[in-house]
Amino acid sequence: MRIQVRRTGGFAGIERFAEVETTGRADASEWHTLVERALADGRGTPPVGVPDGFSYQITVDGKTVYAADPRLTDEQRRLISRVLREGA
Numbered sequence: 003m004r005i006q007v008r009r010t011g012g013f014a015g016i017e018r019f020a021e022v023e024t025t026g027r028a029d030a031s032e033w034h035t036l037v038e039r040a041l042a043d044g045r046g047t048p049p050v051g052v053p054d055g056f057s058y059q060i061t062v063d064g065k066t067v068y069a070a071d072p073r074l075t076d077e078q079r080r081l082i083s084r085v086l087r088e089g090a
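The sequence shown: position 22 = 24 (the numbering used here), numbered continuously.
Rather than coming from a laboratory, the hints here were simulated on the basis of the structure. Be careful, since some hints might not be right.
Stated by the list, open to error - The calculated label-pair distances, taken between Cβ atoms and stated as ranges, are:
id, residue 1, residue 2, range
1, 12, 88, 16 to 22 Å
2, 54, 30, 33 to 39 Å
3, 13, 68, 19 to 25 Å
4, 27, 53, 17 to 23 Å
Claimed, not checked - Okay, derived cross-link-like pairs now, DMTMM-like style, lysine to aspartate or glutamate, Cα gap no bigger than 20 Å in a straight line:
id, residue 1, residue 2
5, 65, 23
6, 65, 38
7, 65, 43
8, 65, 77
9, 65, 21
Each residue gets a CB set at the ideal place from its N, CA and C atoms; glycine is no exception.
Using the sequences plus the hints, can you model the full thing?
Rendered as structure tokens:
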């Protein structure tokens, strides 16, 4: 499974992108569970965010959902943070 996160917005407006490939990882099932929960609450179109807040595009194997601060679910926040931290 390929998980991609694109973060835009924020005070400086700097875009950030990272992706993680879970195939062959020992923790792949953990990633899959987190992705399933995070995508369940995603939107099909970009939501209206708040001034200087971040907006996110989460793409998993070609399926894209959108989310924005401050209305991220706990699962979305954990997935986004993990991909941006561990991804390339």
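Hint-by-hint comparison with the structure:
1. 12 <-> 88: 16 to 22 Å: Since residue 12 and residue 88 have Cβ atoms about 20 Å apart, the given range 16 to 22 Å holds.
2. 54 <-> 30: 33 to 39 Å: With Cβ atoms ~35 Å apart, the hint holds.
3. 13 <-> 68: 19 to 25 Å: holds (20 Å)
4. 27 <-> 53: 17 to 23 Å: With a Cβ separation near 38 Å, residue 27 and residue 53 fall outside 17 to 23 Å, so the hint is violated.
5. 65 <-> 23: Since the Cα atoms of residue 65 and residue 23 sit roughly 15 Å apart, the hinted pair holds (cutoff 20 Å).
6. 65 <-> 38: Holds, at about 12 Å.
7. 65 <-> 43: This hinted pair holds, its Cα atoms lying about 13 Å apart.
8. 65 <-> 77: holds (17 Å)
9. 65 <-> 21: holds (14 Å)
Of the numbered hints given earlier, the model fails hint 4 alone.
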